[in-house]
Amino acid sequence: GENVEQHPSTLSVQEGDSAVIKCTYSDSASNYFPWYKQELGKRPQLIIDIRSNVGEKKDQRIAVTLNKTAKHFSLHITETQPEDSAVYFCAAPWGNQFYFGTGTSLTVIP
Amino acid sequence: NAGVTQTPKFQVLKTGQSMTLQCAQDMNHEYMSWYRQDPGMGLRLIHYSVGAGITDQGEVPNGYNVSRSTTEDFPLRLLSAAPSQTSVYFCASSYSGRGARVGPLHFGNGTRLTVT
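As they're listed, the protein sequences go chains R and A. Okay, so the first sequence: first residue is 183 according to our numbering, each after it adds one. Okay, so the second sequence: first residue is 126 according to our numbering, each after it adds one.
Okay, chain R solo, but in the shape it has when bound (with noise of 0.2 Å):
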């Protein structure tokens, strides 16, 4: 199956700072990349995500990036704010299989 690496596993920030999470992957045939959202106590939800044709995908102030060659993608959250903090995790896709990383908890600190 797909090997998904994510890092760090925790995080901290000062409120409007920036925060980078990056997650690698295996299957070089691999070309979709979504990162999800998870609240305390909730069920994960999509934020973004990014197709292997493209190198970067911005949506506010959430962008996600992409290199193919390196097999790693990261998540880009700027001007961070105190409802930001949450786990998320990437995911990378191995046929029908998702597999997922172990998730990155985000501290945004007011």
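Since the hints were derived computationally from the structure, they do not count as laboratory data. Heads up, some of the hints might be wrong.
Claimed, not checked - Once the Cα atoms are required to be at most 27 Å apart in a straight line, the calculated DSS-like pairs of lysine-lysine come out as:
1. R:Lys219 / A:Lys134
2. R:Lys204 / A:Lys139
3. R:Lys204 / R:Lys239
4. A:Lys139 / R:Lys250
5. R:Lys240 / R:Lys219
6. R:Lys253 / R:Lys240
7. R:Lys219 / R:Lys253
8. R:Lys224 / R:Lys239
9. R:Lys250 / R:Lys224
With chain R's structure known, arrange chain A on it following the hints.
What follows is chain A alone, placed relative to chain R:
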């Protein structure tokens, strides 16, 4: 649209008991899947289905059974509960299925299961 609906929200079982976790979606999604979430281990795929009548094993299938008789429903059965199955279970669906390119997962609200 209700999206993905899971029942029950909470369940406590004794070792050896069996039960079924229900999952239903009203988005006409071909793809449905079950994950378990344990602290520090992310989400691990138990079983999945790319359409009615088709199921397959994921990363951690042992001790679980699934069936997909309709597009809407994808129940997960615990055959003989063990303490190692204490976890939060999420059902997720996606429009991608047979022949369609993979797409985002829509998750249900989860079932918190404790096996004593």
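So, going through the hints one by one against the coordinates:
1. R:Lys219 / A:Lys134: With a Cα-Cα distance of about 20 Å, the restraint between Lys219 of chain R and Lys134 of chain A holds, given a limit of 27 Å.
2. R:Lys204 / A:Lys139: Distance of about 40 Å is beyond 27 Å: violated.
3. R:Lys204 / R:Lys239: holds, 15 Å
4. A:Lys139 / R:Lys250: The hint is violated at about 47 Å.
5. R:Lys240 / R:Lys219: This hinted pair holds, its Cα atoms lying about 16 Å apart.
6. R:Lys253 / R:Lys240: holds, 19 Å
7. R:Lys219 / R:Lys253: holds, 22 Å
8. R:Lys224 / R:Lys239: holds, 26 Å
9. R:Lys250 / R:Lys224: violated, 32 Å
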